[in-house]
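Both chains are sitting in their own frames, so use the hints and assemble them into the complex.
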Amino acid sequence: MAEAGQLIFISGGVRSGKSSFAEKTAMELTKKTQGNLHYIASGVAFDEEMKDRIKRHQQQRNEGEHQWVTWEEPYFLHNLSTVFQPNDIVLFDCLTNLLNNRLFQTEERLMDPSFHKEIRISIIEGILSVQKSCHTLIVVSNEILNEPIHSSDLVLVYAKLLGRLNQQVVARAKEAYLVEAGIPICMKKEEDDVAFRDGWSM
Amino acid sequence: MHFVMGGACNGKAEWVRSHFCLGQYPHENWIKAYECSNYDWFSEDSTDSLVVLEGIEYWIKDLSLQYESDKVRQIWKETLLNWDRWEKDGCKRKLIIIGSDITRGIVPVEKADRKWRDDAGWTFQDTVQLCDRVDHIWYGIGQRMK
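So the sequences go chain by chain: C and V.
Going by my numbering, the first residue of the first sequence is number 13, and it counts up by one from there.
Going by my numbering, the first residue of the second sequence is number 2, and it counts up by one from there.
Just so you know, the hints here were simulated from the structure itself, not pulled from any lab data.
Beta carbons: idealized from backbone N, C-alpha and C, even for Gly.
Heads up, a few of these hints could be off.
Said to hold, decoys possible - The following label-pair restraints were derived from C-beta to C-beta distances: (1) V:107 x C:133: 29 to 35 Å; (2) V:26 x C:202: 31 to 37 Å; (3) C:68 x V:133: 48 to 54 Å.
Claimed, not checked - Cross-link-like lysine-lysine pairs, in silico, DSBU-like; alpha carbons within 35 Å at most: (4) V:147 x C:36; (5) C:201 x V:33; (6) C:186 x V:72; (7) V:112 x C:172; (8) V:93 x C:36; (9) V:95 x C:201; (10) V:147 x V:112; (11) V:95 x V:72; (12) C:43 x C:129; (13) C:186 x C:36; (14) V:89 x V:72; (15) C:129 x C:186; (16) C:172 x V:78; (17) C:172 x V:33.
In isolation and in its complexed conformation, chain V is listed as follows (with noise of 0.2 Å):
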């Protein structure tokens, strides 16, 4: 799994769109966060080989305001071995992660964007361990930071 993060409208898909020449993988999926709430995107007899997940961050918020902290870092930590499985299961399959960093700013005032934040750092985290490469983008330059 490939995981690439950076600020938001940092160019993170440009950047995964030109790395990764899109087009050349047989079957191809592009699952936007914000517009799927459930990320069990995969099923068992699936034929995609590529899948871009983009905007992790909307999905670790919505575990992040139905569950305690310790139990989001649990259902995504197995969320993520359930996607790994998926890519390491089939033959030539790959899977980007993409995620906004919003750890950065002044302490949010409402405690569900406080727990958001928190969480998606912690999550973040998790998700670094769990790639095998990851990289940093900054206004469309990328960085390998594993």
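This is chain C alone, in the form it adopts within the complex (with noise of 0.2 Å):
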């Protein structure tokens, strides 16, 4: 068992079932530490439809034989450092909803690289302190990078962000999984990483 905690990357495309895959692998994990289960919600509630369909995933999330315990956190990960014990399972879905809001919280320093490279240094402390505080921390991301990135500066801005994130908690990570259609395909797992990458030799 890990003493400072885990790391576990988890990525798809919208309705890939990487969301139940997450919750499944919490759910089986809480059952062999006997902690807790946390979910950190990073949406924010704009309009009805989202505060209904935040409300959906709550019910959903409580109707099994779990107890989830749900924060919600659309800004500072760092803030939720101090609430989970050793043997907690936390699942937080997603780093793309909290770049999303870290980056348009202030609009005038929106094209400013150094504001940029803060925001990708505050997210990763972030995770890294939920990450010492607890068992394991599970992160959802999600597969937006294989099309055309030019439709605008403000886009390639998003892009290079959430790929930099992607790969530095994919590094971090015990295991990373890429879920397509509902089934995950492990990507890296800690043990048998070296075989799997075919080596570095040439």
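So this is what it looks like as structure tokens:
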């Protein structure tokens, strides 16, 4: 069992089943650790539709045998670093939402590269602070980088930030999964990592 | 030839840098397609031994805007064969081609973008055919496809 908490990265396309897989993974882990299940929601409810969706998700999560504790944190994961126990499992859904919220929090620095760097470092620090305080942190992200990135400078900024964040989380993760139509594909598992990557020889 | 593909901003260039230990070849040339419009980048007397071509989807876009899809593929295949000949002609030459996958989003509104997307899909298939090795990069993790 890892001392400082471990990280699992899960990504997939829209309606790929990535959230269900993340929830299932969290529930299985909590059986082993006997800890509590936590859910960090980063979505901001702007309108009734979003409010309904959040409520429906919360109800669905608590229909099963496990009870989830839901935390709403659209900006700073650091704020939650003291609320977990060392055997707790935390699911954070999702990184793309948090990046949206942080990037569009203030309009005036939207295109300032130093602001982008600040956001990236702060988000990674937030993730690490939660990871350290629990048994396992599962980070959910999205597959949105497989189309032409040319529509505007802002889209490019967003793509670069999300790409870097995903890379940084994957690099620190013990396991990383790409979910395709409900099927999780294991892209990284620390034990067999080297064999999977086909080595570094030429 | 070695083809490295994957989504945008997924760490493909970084993967190439660490995989090939750049700095060890006597003459390295890293060409960015979005900065140089001419894909006939090499000359016969080139002393380069390692050439990296980054962002081939932009060259494909140029071709896609000028020619019908069949012609695009024909030109692209000829270009690849020229590159392959260059690599095989000299001792210790290595050519690495980096391309971003642009084929998985919502159908583009503009006709030219739809054509570019189609052409990119086809020419990527042609590139895979002609390369000895292909790796797919997902957030820094390389998976060998060929």
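> Does residue 129 of chain C lie within 35 Å of residue 43 of chain C when you go C-alpha to C-alpha?
Replying inline: Distance of about 38 Å is beyond 35 Å: violated.
> Does the Cβ pair residue 68 of chain C, residue 133 of chain V satisfy 48 to 54 Å?
Replying inline: holds (51 Å)
> Taking 35 Å as the top limit, are the C-alpha atoms of residue 95 of chain V and residue 72 of chain V close enough?
Replying inline: Since the Cα atoms of residue 95 of chain V and residue 72 of chain V sit roughly 27 Å apart, the hinted pair holds (cutoff 35 Å).
>> Holds or violated: residue 186 of chain C and residue 72 of chain V, Cα atoms, limit 35 Å.
In response: violated (47 Å)
>> Holds or violated: residue 147 of chain V and residue 36 of chain C, Cα atoms, limit 35 Å.
In response: holds (33 Å)
>> Given the hinted pair residue 172 of chain C and residue 78 of chain V, is their Cα-Cα distance within 35 Å?
In response: Answer holds: residue 172 of chain C to residue 78 of chain V is near 31 Å, not above 35 Å.
> When you check the alpha-carbon spacing of residue 201 of chain C and residue 33 of chain V, does it fall within 35 Å?
Replying inline: holds (33 Å)
> Does the alpha-carbon distance linking residue 89 of chain V and residue 72 of chain V stay inside the 35 Å limit?
Replying inline: holds (26 Å)
>> Holds or violated: residue 93 of chain V and residue 36 of chain C, Cα atoms, limit 35 Å.
In response: Roughly 50 Å between the alpha carbons, so the hint for residue 93 of chain V and residue 36 of chain C is violated.
>> Tell me if the straight-line CA distance from residue 172 of chain C to residue 33 of chain V falls inside 35 Å.
In response: It holds: about 17 Å lies between the C-alpha atoms, which stays within 35 Å.
> residue 95 of chain V and residue 201 of chain C: Cα distance at most 35 Å?
Replying inline: holds (31 Å)
> Does residue 172 of chain C lie within 35 Å of residue 112 of chain V when you go C-alpha to C-alpha?
Replying inline: holds (26 Å)
In summary, the numbered hints that this structure violates are 6, 8, 12.
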